[in-house]
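Colleague: Sequence:
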Amino acid sequence: MAQKPGKTTKYLLILWTLYTLPLVLFIVIMILIGNGKMGFLPDFARLENPQTNLATELITEDGEVLGKYFIENRTFVNYENLAPHLVDALVATEDVRHYRHSGIDLRSLSRVLVYSVLLGKNEGGGSTISQQLAKNLFPRDTTVNKTKVGRAAHMAVNKFKEWNTGVRLERAYTKNEILTMYLNTVPFGGESIVGIQSAAKTFFNTSPDSLTLDQAAILVGMLKAPTAYNPRINPERSFQRRNIVISQMEKYDYIDSELADSTRKLPVSVDYNLASHLTGHAKHFRIFLSKFMNRTNPVRPSDNSGILSWE
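Just so you know, we're using the working numbering here: the sequence shown kicks off at 1 and counts up by one.
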């Protein structure tokens, strides 16, 4: 027996409503966030010149680094000074469609919704590297909401803000610049290991452009949980996570099967060198200089400017 026309129309109307209502709600929320109606959102000037804490290096006339002063041990690295394997590992693991989306990966979001909502499986948050960079540069409002509904709404607003900021970052920077900024701002554990330069030096006593495939995969693997996958603290978990990164690189044709297999067999090895204010040469001189530079004259901005200057 055929359905009545009125019943069919009713079903179509329900389906159309279920399809369009979330889209309309998404657009309205993004407009409200973009106009600053739902809390802080960085303006164009902040996007163009984000503030980050850089370590101040004390360098001799012949270019030797005597030591550092820092709030966060972060040193900026250019894209040209990143090992190709490092970039490939990051894209393959964190955002394989990085070069094909504009800040929001709708395909990845759809996959997360299907697996999380319909199948009850954890498929990650679907965040792009641009969105993760937005969270690094402009941390979430961590105000605690007492009610469950309030916490959920707060998390949703924060997520929408990251989407908005991620899209705007994509308009302000190139894809490679976003990758570089992300690697320069991501924490690898505590205030002493922030950014890829500090991570490469701390865990392997090397520089980002000299990282091997194995080392790059270990560091990228740490991004999911810096303490849980710390190769010094949890070598077995680091080993497993590194091999997941290697498998991702193999899956998306960044490396061939032979190289992937040989790398997966390697043990996790570190050359740990945690930096501090006392690390380096001429310790007593640096302590004296630190006190001297913090006087009213000469002027020293702060430990996070990356610059020592006399006026």
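Warning: the hint list may mix true and false statements.
In silico BS3-like links for lysine-lysine, alpha-carbon gap of 27 Å or less [said to hold, decoys possible]: (1) Lys-251 / Lys-265; (2) Lys-201 / Lys-148; (3) Lys-201 / Lys-265; (4) Lys-148 / Lys-175; (5) Lys-224 / Lys-201; (6) Lys-159 / Lys-201; (7) Lys-251 / Lys-148; (8) Lys-135 / Lys-265; (9) Lys-148 / Lys-159; (10) Lys-224 / Lys-175; (11) Lys-224 / Lys-251; (12) Lys-159 / Lys-175; (13) Lys-148 / Lys-135.
No wet-lab data here; the hints were simulated from the structure.
A quick note: this is a predicted structure, and the numbers were derived from the prediction, not measured.
Colleague: Hint by hint, note whether the structure agrees.
Modeller: Hints, one by one, checked against the model:
no.: 1; hint: Lys-251 / Lys-265; verdict: holds (17 Å)
no.: 2; hint: Lys-201 / Lys-148; verdict: violated (42 Å)
no.: 3; hint: Lys-201 / Lys-265; verdict: holds (24 Å)
no.: 4; hint: Lys-148 / Lys-175; verdict: violated (37 Å)
no.: 5; hint: Lys-224 / Lys-201; verdict: holds (20 Å)
no.: 6; hint: Lys-159 / Lys-201; verdict: violated (33 Å)
no.: 7; hint: Lys-251 / Lys-148; verdict: violated (39 Å)
no.: 8; hint: Lys-135 / Lys-265; verdict: violated (35 Å)
no.: 9; hint: Lys-148 / Lys-159; verdict: holds (17 Å)
no.: 10; hint: Lys-224 / Lys-175; verdict: holds (21 Å)
no.: 11; hint: Lys-224 / Lys-251; verdict: holds (19 Å)
no.: 12; hint: Lys-159 / Lys-175; verdict: holds (21 Å)
no.: 13; hint: Lys-148 / Lys-135; verdict: holds (23 Å)
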